[in-house]
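Here is how the chains run, residue by residue.
2 protein chains.
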Amino acid sequence: MADYPQTSELALGVDLGGTKIFVILADAAGRVVSESQLLTPPTYGELEVFDTILEGVARVLSAGEPGGHAPQTVTERIHRGRIRLISEGRPVVGLGIGVAGVVSGCGNIICQAPNLGWKDVGFRRRLEIAVGLPVLMDNDTNVAAWGEYCYGGHGRPESLVYLGVGTGIGGGIVLKGKLYKGSSGGAGEIGHVVVEPGGPVCSLGHPGCLEAMASGLAIARIAKEEVRRGRADSLLPYADGDPELLTAQVVGTAVADGNPLAQEILTRAGTYLGIGIASVINILNPEVVVIGGGVARMGEAFLAPIQRELEVRAFPELRRAVRVCLSGLGRPVGALGASAMFFQRKLYSEDG
Amino acid sequence: MADYPQTSELALGVDLGGTKIFVILADAAGRVVSESQLLTPPTYGELEVFDTILEGVARVLSAGEPGGHAPQTVTERIHRGRIRLISEGRPVVGLGIGVAGVVSGCGNIICQAPNLGWKDVGFRRRLEIAVGLPVLMDNDTNVAAWGEYCYGGHGRPESLVYLGVGTGIGGGIVLKGKLYKGSSGGAGEIGHVVVEPGGPVCSLGHPGCLEAMASGLAIARIAKEEVRRGRADSLLPYADGDPELLTAQVVGTAVADGNPLAQEILTRAGTYLGIGIASVINILNPEVVVIGGGVARMGEAFLAPIQRELEVRAFPELRRAVRVCLSGLGRPVGALGASAMFFQRKLYSEDG
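Residue numbers (my numbering), protein chains in the order written: chain A, 1 to 352; chain B, 1 to 352.
No lab work stands behind these hints, which were simulated from the structure alone.
Glycine residues also receive a C-beta, built at the ideal position from the N, C-alpha and C atoms.
Treat the hints loosely; a few may be bogus.
Reference listing, derived: stretches of chain A covered by chain B, where coverage requires no fewer than 3 residues with Cβ under 8 Å from a Cβ of chain B [claimed, not checked]:
id, region
1, 153-159
2, 174-181
3, 205-213
4, 309-319
With these hints in hand, go ahead and build the complete structure from the sequences.
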């Protein structure tokens, strides 16, 4: 955003994913004061995840502070004043958290987090008590869309659609400066836009949706299919000869090396992304579409097939009105958007 | 809408289509005082179309008035006070018009009306001068969506998506009580959502979009293909034995008679509509989706395949949150929405 609130305040931002937890401390302009990345406890136990978040919070708050921590729980340390909710004289006003899963409309409950195996977990209030700060919670791609809108350098677009292309594909929609959540809080499931009606199913059983055709999992599936077809001799060395190790990341490495099959696989995924984005553009006429997430970080090679599909499938007037680009914010986009919920709280939550 | 503005005022509503012009005079509650249907002059000359609209306006304003019209132009009659812009003591406050085509964001110019063969026609201001009333102009499916939102009996939904399924397929989106027009005024082109990426092209050249697969033109195309395959013996009698006369309307008549091939064709179109609507639901999480237009008037037979696709392709939470139904307003929905622009002017135009 062009004009940030003039304040010395800081906010915590947490991105809670299935494999990693990313915690930042940032100001209203999106400048990161400190950050910490932790592994999500592989047990996915609620208490363990909870403690890991608190550990991350403690780390970013005490970054630069002299000395180590006493062997107490983080909550004890916070409540005994060992970790002060103030950083170099700047007050910390709240903690925003984005969760990979479905968050209730009121923002209190994690209704479903398939990656963590959670259902109906009341998380927000507990975190609020433990940290001693107001907490706002939302879906991870919603907060990533918000981070991109606030800090992605897009000006003040009338509308912005964010696609997070990683293991799965999620989305978030900002309309008229507010996150758009839809009638029951679930808008932006762009990963489940249909792009090949007779295609294979995604993890939720939807045939031929974007997630089934263009996600990290889809790229890995296509690579393994090519092995079975005997076409993937040039790819296998990147996976130590083991087809099971052919992930999207491995394909990405091969793309960087100029491997033709890897490039073909990426182009196929990009083509489906272009088909899905064309549908989004024809429906919403957005000003900006931003593609983020691990797969998108494979770079510009991804954009060419997208642009090709838009040429053929998007309404000319709407195609001319939209900018489609890759996210420049990288990994912290979600945590940044989570912290930004506090600085743009009215805008963000008015819409909820 | 549950609560209508309390006013005795009336407004004119015009639906300007490629074959017909529909003019109504209605009150704020959507009650039609008088209506008139005229044929769009087949020459599509701007002046002829203009005069036909004025003729329709004169007819609905003078409905119930004694005696015929003097042989003057309608504009002369209006300006000489022969047609009073008042109906039984109720003032007429404006004229709303929906045009089958692309209308500029400011609502002054018809940028493109393929059915009429028009490009960049400054229509609104001329109509304002001729009629002596304020005129508001928008795309025909936008005003139809607005008519459905205001008078369709849906309560006050958070969001409503309207699909007009006729010769082509258009759409309109109402979010938070306002028509959503997008960043350049072109949102709602739901007819061009991709549903079969390798499918035949629509009139604009987009492969496998909803319009190419499920519109009236698509239904006619499929019926003709069946003739070429020798499968359509049972259908041909409905078209006097001439494949060229196999229109969507003819297929509809055969469906009503229980013709199995006609039912199969309609089911195929409904299936693609379901695929497209699933994508819309996954993106927007709307409260209501309404299907109107001539093809939709074929009735409930159309809804079953749509619901089947939604079961498979829409996010369960979002599917449970949405009501998908056929429009109950019939032909006047567009003209009603056009007149409603005046009674809900602030809501409607704030968004423009």
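For each hint, the structure was consulted:
no.: 1; hint: 153-159; result: holds (count 3)
no.: 2; hint: 174-181; result: holds (count 3)
no.: 3; hint: 205-213; result: holds (count 4)
no.: 4; hint: 309-319; result: holds (count 6)
In summary, the structure agrees with every hint in the numbered list given earlier.
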